[in-house]
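Quick mapping for you: the protein sequence lines, in order, are chains A and B.
Take the first sequence: its letter number 156 is residue 156 in the UniProt record's numbering, and every next letter is one higher.
Take the second sequence: its letter number 194 is residue 194 in the UniProt record's numbering, and every next letter is one higher.
Treat the hints with caution; some may be incorrect.
Note: identical chains are not told apart, hence a pair may lie in one copy or across any two.
As the list claims (entries may be wrong) - Computed list of lysine to aspartate or glutamate pairs in DMTMM-like fashion (alpha-carbon distance at most 20 Å, straight line): (1) Lys119 - Asp129; (2) Lys212 - Glu75; (3) Lys3 - Glu191; (4) Lys137 - Glu68; (5) Lys35 - Asp101; (6) Lys133 - Glu94; (7) Lys133 - Glu193; (8) Lys155 - Glu183; (9) Lys122 - Glu37; (10) Lys122 - Asp209; (11) Lys122 - Glu111; (12) Lys161 - Asp101; (13) Lys119 - Asp20; (14) Lys137 - Glu94; (15) Lys133 - Glu37; (16) Lys122 - Asp20; (17) Lys35 - Glu10.
Think of the hints as simulated: they come from the structure by calculation, not from any bench.
The structure presented is a predicted model; accordingly, all values stated were derived computationally and were not measured.
Spelled out, the chains give:
There are 2 protein chains.
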Amino acid sequence: MDKKELIIKEFAPFELSDADMQNAINQAKILNFNKGEILYKDKSACYGFLLVLSGALRAFVLFANNKEITIFELEKGDECVLCAKCIAQNDELEINLEAMDEVKILVVAPEIFMPLRLKYPKLANFVLDLLAKRFNKSIQIMSQALFSTLNERIKSYLLSKANNNIVEKTHEQIANEIGSAREAVSRILKELESSGLLRLGRGKIILSDDFKF
Amino acid sequence: MDKKELIIKEFAPFELSDADMQNAINQAKILNFNKGEILYKDKSACYGFLLVLSGALRAFVLFANNKEITIFELEKGDECVLCAKCIAQNDELEINLEAMDEVKILVVAPEIFMPLRLKYPKLANFVLDLLAKRFNKSIQIMSQALFSTLNERIKSYLLSKANNNIVEKTHEQIANEIGSAREAVSRILKELESSGLLRLGRGKIILSDDFKF
Numbered sequence: 001m002d003k004k005e006l007i008i009k010e011f012a013p014f015e016l017s018d019a020d021m022q023n024a025i026n027q028a029k030i031l032n033f034n035k036g037e038i039l040y041k042d043k044s045a046c047y048g049f050l051l052v053l054s055g056a057l058r059a060f061v062l063f064a065n066n067k068e069i070t071i072f073e074l075e076k077g078d079e080c081v082l083c084a085k086c087i088a089q090n091d092e093l094e095i096n097l098e099a100m101d102e103v104k105i106l107v108v109a110p111e112i113f114m115p116l117r118l119k120y121p122k123l124a125n126f127v128l129d130l131l132a133k134r135f136n137k138s139i140q141i142m143s144q145a146l147f148s149t150l151n152e153r154i155k156s157y158l159l160s161k162a163n164n165n166i167v168e169k170t171h172e173q174i175a176n177e178i179g180s181a182r183e184a185v186s187r188i189l190k191e192l193e194s195s196g197l198l199r200l201g202r203g204k205i206i207l208s209d210d211f212k213f
Numbered sequence: 001m002d003k004k005e006l007i008i009k010e011f012a013p014f015e016l017s018d019a020d021m022q023n024a025i026n027q028a029k030i031l032n033f034n035k036g037e038i039l040y041k042d043k044s045a046c047y048g049f050l051l052v053l054s055g056a057l058r059a060f061v062l063f064a065n066n067k068e069i070t071i072f073e074l075e076k077g078d079e080c081v082l083c084a085k086c087i088a089q090n091d092e093l094e095i096n097l098e099a100m101d102e103v104k105i106l107v108v109a110p111e112i113f114m115p116l117r118l119k120y121p122k123l124a125n126f127v128l129d130l131l132a133k134r135f136n137k138s139i140q141i142m143s144q145a146l147f148s149t150l151n152e153r154i155k156s157y158l159l160s161k162a163n164n165n166i167v168e169k170t171h172e173q174i175a176n177e178i179g180s181a182r183e184a185v186s187r188i189l190k191e192l193e194s195s196g197l198l199r200l201g202r203g204k205i206i207l208s209d210d211f212k213f
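Here chain A stands alone, though its shape is the one from the complex:
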């Protein structure tokens, strides 16, 4: 699908006028990002409305002490509206996005999207539902981080990311995504290796057939 078809399909439920729909189509962009690329340039960067066409992104929050935690992930077909300009003016929290592999996204700039959101209640309510979904997911992820042991969190993470028993992640990436420290993650991975539950390779982890939560 080209961007015109994508926008028409995506925005159909919101009952935009023909002129507004055409404007959204004209202003929509398809952007590509490489694995590891951060999708923001500065504090005021904002993508407006975002739809993941391929690949996956993770949303993470950075704290003053340079620690970070992944609060949710976006996969193909997921929409997102989370940037400061689009939702809340809030200097205290900055949600960042990182491409977890090659990523293609469709975006409608905030200058176009914001007025639409203020004009069409169905669109405003769609964004509200999206935000509620991300809110729920964030609380689930953070509560797992709070209430599970690091060992449990790493196991659950590896199981969720394994593709044919292989997880292509560095210790640093795992630490960032589950909100822990690299040293602690490495220590537990080595313990799991000693127990025969996995093998550590270069940039990847090979789970044994016995590996389970």
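Mind docking chain B on chain A? Use the hints.
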């Protein structure tokens, strides 16, 4: 102010029609809760739009393992719309509210509030901003729980709750509000008492003048 004046003041920015405003006024209720009371009856309970007139509430999430964490607090003047029916249909997460002291709230039932939200984009966007604010606050609170030591979290909590150096909370309440276990909280409080930073009383904690973060 009576409920009519409260609703008119609160809903003025949303440009409701006279009929819709009158309907909201007719349906609004002022409710009172006692300290410790939980503001929900069952999974489907929902207060629609809620404005805190006096007292304070805490919103917390309960997990399968019976652990809970406070994700934000609501004080006088704070509005909230967070129940399942009003925002997201999501069985995985249930946000509960507890009265932290004597509480008086103004509510507009979801049956009235939802159609208004779908009709008036300004109202939909107001709810979106509210949710974004709670989202941010939740992430701040949970990240503090994740990234601070328990000692730091307890100190910071006591400082935020102290009234004339007195914190009227049980160890259990503190544990619940910061997402920890009662035993762990009691242990640290005893350590702080041994250091002369506070005195433990019945249902209250008296901070010494030297107490600081």
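Checked hints:
{"no.": "1", "hint": "Lys119 - Asp129", "verdict": "both (17 Å within a copy, 16 Å between copies)"}
{"no.": "2", "hint": "Lys212 - Glu75", "verdict": "neither (24 Å within a copy, 45 Å between copies)"}
{"no.": "3", "hint": "Lys3 - Glu191", "verdict": "neither (48 Å within a copy, 62 Å between copies)"}
{"no.": "4", "hint": "Lys137 - Glu68", "verdict": "both (16 Å within a copy, 16 Å between copies)"}
{"no.": "5", "hint": "Lys35 - Asp101", "verdict": "within (4 Å within a copy, 50 Å between copies)"}
{"no.": "6", "hint": "Lys133 - Glu94", "verdict": "both (18 Å within a copy, 12 Å between copies)"}
{"no.": "7", "hint": "Lys133 - Glu193", "verdict": "neither (36 Å within a copy, 43 Å between copies)"}
{"no.": "8", "hint": "Lys155 - Glu183", "verdict": "within (16 Å within a copy, 27 Å between copies)"}
{"no.": "9", "hint": "Lys122 - Glu37", "verdict": "neither (33 Å within a copy, 36 Å between copies)"}
{"no.": "10", "hint": "Lys122 - Asp209", "verdict": "neither (48 Å within a copy, 55 Å between copies)"}
{"no.": "11", "hint": "Lys122 - Glu111", "verdict": "both (18 Å within a copy, 17 Å between copies)"}
{"no.": "12", "hint": "Lys161 - Asp101", "verdict": "within (13 Å within a copy, 45 Å between copies)"}
{"no.": "13", "hint": "Lys119 - Asp20", "verdict": "both (10 Å within a copy, 19 Å between copies)"}
{"no.": "14", "hint": "Lys137 - Glu94", "verdict": "both (17 Å within a copy, 12 Å between copies)"}
{"no.": "15", "hint": "Lys133 - Glu37", "verdict": "neither (25 Å within a copy, 28 Å between copies)"}
{"no.": "16", "hint": "Lys122 - Asp20", "verdict": "both (14 Å within a copy, 18 Å between copies)"}
{"no.": "17", "hint": "Lys35 - Glu10", "verdict": "neither (26 Å within a copy, 47 Å between copies)"}
Hint compliance for this structure: hints 2, 3, 7, 9, 10, 15 and 17 are broken, all remaining hints hold.
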